[in-house]
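One line per chain: the protein sequences are A and B, in this order.
The first sequence maps to residues 1 to 599 in my numbering.
The second sequence maps to residues 1 to 300 in my numbering.
Read the hints as simulated data drawn from the structure, not as lab findings.
A few of these clues could be false.
[Claimed, not checked] To be clear about the criterion: a stretch of chain B counts as covered by chain A if any three or more of its residues have a C-beta under 8 Å from a C-beta of chain A, and this derived list gives those stretches:
#1 48-60
#2 77-85
#3 93-101
#4 113-120
[What the hints assert, rightly or not] Listing some non-contacts, in silico: residues in chain A with all C-beta distances to chain B over 12 Å:
#5 21
#6 77
#7 91
#8 135
#9 301
#10 360
#11 374
#12 418
#13 421
[As the list claims (entries may be wrong)] When the alpha-carbon atoms are kept at most 30 Å apart in a straight line, the in silico BS3-like pairs for lysine-lysine are as follows:
#14 B:188 to B:146
#15 A:22 to B:98
#16 A:22 to B:188
#17 A:80 to B:219
#18 A:20 to A:94
#19 A:94 to B:269
#20 A:246 to B:73
#21 B:114 to A:80
#22 B:108 to B:146
#23 B:164 to B:132
#24 A:516 to A:585
#25 B:219 to B:244
#26 A:22 to B:13
#27 A:22 to B:122
#28 B:91 to A:20
#29 A:308 to B:18
#30 B:117 to A:20
#31 A:80 to B:117
#32 B:108 to B:13
#33 B:262 to B:244
#34 A:243 to B:13
#35 A:20 to B:122
#36 B:123 to A:9
#37 A:9 to B:91
#38 A:80 to B:129
#39 B:68 to A:22
#40 A:9 to B:219
Here the structure is a predicted model, which means the values were calculated and not measured.
Positions of the beta carbon are idealized from the N, C-alpha and C atoms, including for glycine.
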Amino acid sequence: MEWKNSIHKNTGRLVINGLKEKRSWFLVSFLILFITVIIIPIITGSRIQEGHIAVGMVEVFFLVFINCMIDFSYMHDGRKLAYSISKPITDLQKINVTIITNVVFTTVLVTVLFVISRFITTSYMDINEVFIFTVPWLITGIFTAAISGILTGNSISGSLATIINFTLPLSFLAIINYFFRIVEDIAIGFNSSILFNTFIENYYRIDKLYFVKYVEDGFDFTYFIVLATVLVILYGLIYVLAKRRKHERSGELVVSDGYKSFISIIIASLVPIAFSSIFYNVGFSGRIITFVILFALAYYLINAVLEKSFRLNRLTIKLFAGFMVFFALFIIIADFATNQFEGRLPVASEISSVYIGSNTWIYSQETDESEFEGRQIYSATEEFMKKADNVILYEDQQTIQAIIDVHREVIRNQDYYYNMSFVIAYYYNNGDVLYRYYNLLEKSDYDGQKDVFVKELMNKDDFKLKRMPFVYDDGYLTGLVKPSITIHYEGKDVKSIPQSAIGEFDVEIFRANLKKDFDKYLMESDKSLNFLIQSPNDYYFMEPYGRYKVDTTEPYIVEEAYYVEISFNEESMKSKNYFSLRVTKAFPETFEYIASLMD
Amino acid sequence: MLQISLLNKSFRKFHVLKDINVNAEAGQIYGLVGSNGCGKTTLLKHIIQVFRQDSGEIHYNNNLITEKSEEIKDFYYVQDDLFFPQNSTLKSLYDFEKLLYTDMSLEKFNRLVKYFKIDINKKLNSMSKGQKRQAAFVLAMAANPKVLLLDEIVDGLDAVIRRKFWNVLIKEVIENNITVIISSHALKELDNICDKVGIMHEGTIIKEEEMESLKENLKRVQFAIEGEYEDIIDESFTLLKSIKVGSVYFVTLRGDVDAFRKSLEDRYKLLIFDELAVNLEEIFITELGGAGYGMEELDS
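Could you build the full structure based on these sequences and the hints that come with them?
Written out as C-alpha cells, the structure is:
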C-alpha cells in the first residue's frame, strides 16, 4: 500500500510540467551538442568521430548533473522545502516526479547523441560501447543524486555527496585493497594482489557494477538484470532515507547523523591510503602508525567541517574509538586467521603442476583457437599457463617435491643475498589452485640454506630439460633446419669475428660445452634462486659475468665475452626460434670453444 | 476539528516544542500568538507535516494526520518567508497547484485576482513583498482548503489590503466552515477576527482559550484615590499588574471587579473608578508577563 502511495496520481502531468520548466535547459543542451558534436567537426573538416560523441556524452553528464542538483536543491533551502513539502504531495512522490523528469530529460539528450552517432562514417571502435556503460551511469547517477539530496542539507555538499556516493564502490575497493596490503604485511606468503584479484573476480564484481564488463566482454541479458538490481537497491535507499529525513536540518552540510559518521570514516580512511604511495617502503608497524595518525587527523578535520566546530562531540569520539577497535581487531583476527595458512604446503601427489617464478603477467591463449592475450597469473587457468610462451609448468613428481622443499625453506626463513620476490602457484589435480607470494629481504647473515634446496631442484633432469631445452633436450634440434648464427666479441680491444669462424661453428659441440658449463654452474652458483625464478626466455644468468658492470667510482668496465645469437627458420611462439647467449669466461668450456674458432 | 495533543519536538538538544496542545474548531479563526522565537512557525510546519514530531499526535476530525493521510490534502500552508519557483507567474503557479489540490477553483481564483488587482502574468519574484503575499493568499483561497495555516500573512501589507484580507478570510470561514490558524504579531487585528487564541512562549502553549472567555476572565480598571495605593490581597480577585500614570492607577486583574471596587472603597476614598475594555495585546502582555517575559528592568 505504501509503495502504491509513492506515486502521485498526477505524476504524468507533474512530469510534463517539470519538463516545461526545463525548456531553457533543453535549448541550451541542444545548442551545446549541436556546436560541439556537429558544427565543430564540420568546420575542422574532421567529420563526426567517436571522440566527438564521447565529448558529447561528457557534456550530457555535466548537463544532467547540474539539472539534478538544481531539481533536488528544494531539500536544501528552508523556504523551498516548506513550499514543496507543504503541498499535497509526499516527500517520496516529489522525489519520484523529480527523478522521472530528469530521466526523461536524460533520455532525450542521449537519444539526440545516439542519432548523431549514426552519422559516423569511419569508426575504429564500436560506438555503441560508449552508450553501453554511460546510459546506466546516467540513470544510476540520477538516483544517486536523489539519495545525496536527501542526505545533505546544502546544494554544494549535495553535489559533492553525489560524486562521493557514485564512486563509493571504488572507495570501498581502495579500502579493502589497503586492508589486503596489511594482511600481506602480517602473513608470510600472502600477496595483496592475489587477494585483491580473487576478491574482485569472485565476490566484488566492480566491473559488472559499473557496466564496464559489458564493454569488454560484450552485451548480454545480465546487463539489464544488473541495472535493475542496482536501481532497486538505490530506490530502496531513497525510500528509507526519504522517510527518515529531518527536514528541519536543511541548511546543514549533512542532515543525517548516520551518513555523517559513515562518510567521515570512509574519507578519513581514504586519506592515509592516498598517502600510502608516498610511504610505500615503510614496514608493517610504520604502515599501521601512519594509517592511525593520518586517519585521526583527517577524521578530525572532516568532522570539524561537517559540524562547523573545532570541538568534537561525544558521538564522533565514540565512533573514532569504535573504528580504532575494529581496526585493531582486524589486525589481530587477520594475523590469527592467516597463521594457519602461512605454513600450509601441498602434498606432491595431489599436485598436477607447479609454477615458480617472478613473472606474474602471463601471455597465452585459453584454447588452441583462442587469441593470445595477457593476464595476471591469479586469473590464469592451468590450461592457459600450459600454453604460455614464457612459463614453465613443472609436472614431474620429483620436481614438484623439490619445489615444495624450496617452499618449505622459504616459509622457515625469508632472508637472502638481496631483495627479491616470486610467486609459487600449485595447480591441484582437483582443479584448486594455491598461490603464494614471497618477498625475500637482503640479510648479510643469510645462512645459504635455500641454495641447498634450489640446487637440488635445478639439478633434476626434468628441471634442466624444461628450463634449458636448447642445452639439455637432445631432440630440440630434430627437424629444424640449420640455424643462422651471429657472434660478436665484446672486450677491451674489440675484434671482429671472421666469417670463416662462424661457418665452422658446430651447434652440437656448442651445446655439449654449454651442458658441461651449466652442470658446473648449477652446482656451484650461489645465486641459483635468481636463476630459478627468471623467465625461461632469459638466458641472461650469464649477465653478472659479462656485459657492462656499473661501478660507483670506476667508469664502465667491459668484460671479455662472446655474444652469440641463434635463430631458426621456425615461426612459432613456442619454438624459441631466437635466443641469445652472452658467453663469458665463467662458462670456460663454451668460451674456449668459441675462442678456438677464432684462432 | 484540528486537535494537537502532547506534541514534542527537539532540534538536537534544543527542545523547541513542549507538550503542545491545540484545539481549533471548524469555522473558527485560531490566533497563534507568542514571543519571538517561541516556536509558532515550527508548530505550523508540524501541522502541515513539513517537520515530523518526536512525539504527540495531530488529528483532524478524529483522523490521525501524517504525511500520507488523505485529510492533509485539504490543508494549505502559506509561509512567512514566501517562496515561488523561478520564473513562475500567478497563472503558471495556479496551473501547477491545480495538479496537486483537487478542489482548486478557477472561478474563485479569478474573482480574487480581480478583487486584489493582481497581474497574473507578472513574474512573482519581481513583485513587491505585499503583492507576493496577496498572490500567495489568492492561491491559498482558490485551493479551497479545509484547514488554512497562515504564517505572518499580513506583515508588510498596508491597512487597505489588510482589511481586504480579513474580509475574504472571514467570508471564507463563514461560508465554507474552514479552520484557520493564523500566526501573527498584529495583535490588534487578530483581536477583531479571532475566535480562539493560543499564546505560546518558549515552546509551550501557556494559554489557549476562546477570545470571549479570555476577555471575560481578564479585567482592566482605572481609578483614582486619595492617598497612596497599595495592592490588595483578596480571595475574590487576583491582581496581576498595577501601574500609576499621573494620579490615575491602571490595574489588571482576574476575578470579581465589583469586589475589588468594594475593597478600594473600604480602604480609600475612591475618586474615579472605570472598567476598561481588555484587548488581545493586553492579554498577551499579561500572560507573557506571568511567564516572566518582558519583566526585566532597564538598568539606568
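- Message: For residue 22 of chain A and residue 98 of chain B, compute the direct alpha-carbon distance and say whether it is at most 30 Å.
- Response: Holds, because 20 Å separates the two Cα atoms, which is no more than 30 Å.
- Item | Interface exclusion of residue 301 of chain A relative to chain B, criterion Cβ beyond 12 Å | The claim stands: residue 301 of chain A keeps its Cβ more than 12 Å from every Cβ of chain B (closest is about 22 Å).
- Starting from residue 188 of chain B, check that the Cα of residue 146 of chain B is at most 30 Å away, please. Judged against 30 Å, a Cα distance of about 26 Å means the pair holds.
- Are the Cα atoms of residue 108 of chain B and residue 146 of chain B separated by 30 Å or less? 15 Å, holds
- Pairwise hint evaluation, residue 122 of chain B against residue 22 of chain A, where the allowed Cα distance is 30 Å at most: 19 Å, holds
- Task: Mind verifying the non-interface call on residue 421 of chain A? Its CB should be farther than 12 Å from each CB in chain B.
- Result: 54 Å, holds
- Status of the stated non-contact between residue 91 of chain A and chain B (beta carbon gap over 12 Å): With a cut-off of 12 Å, residue 91 of chain A comes too close to chain B, as the shortest Cβ separation is near 7 Å.
- Compare the distance between the alpha carbons of residue 22 of chain A and residue 13 of chain B with 30 Å, and conclude whether the hinted pair is satisfied. 41 Å, violated
- Within 30 Å, alpha carbon to alpha carbon, are residue 9 of chain A and residue 219 of chain B? Judged against 30 Å, a Cα distance of about 54 Å means the pair is violated.
- Message: With the threshold set at 30 Å, check whether the alpha-carbon distance from residue 80 of chain A to residue 219 of chain B stays at or below it.
- Response: At roughly 44 Å apart (the allowed maximum being 30 Å), residue 219 of chain B and residue 80 of chain A break the hint.
- Item | Given hint residue 244 of chain B paired with residue 219 of chain B - CA-CA distance at most 30 Å | Between residue 219 of chain B and residue 244 of chain B the Cα gap is close to 16 Å, so the pair holds against 30 Å.
- Message: Check whether the Cα positions of residue 262 of chain B and residue 244 of chain B lie no farther apart than 30 Å.
- Response: 20 Å, holds
Hints 4, 5, 6, 7, 16, 17, 19, 26, 32 and 40 from the earlier list are contradicted by this structure; the remaining hints agree with it.
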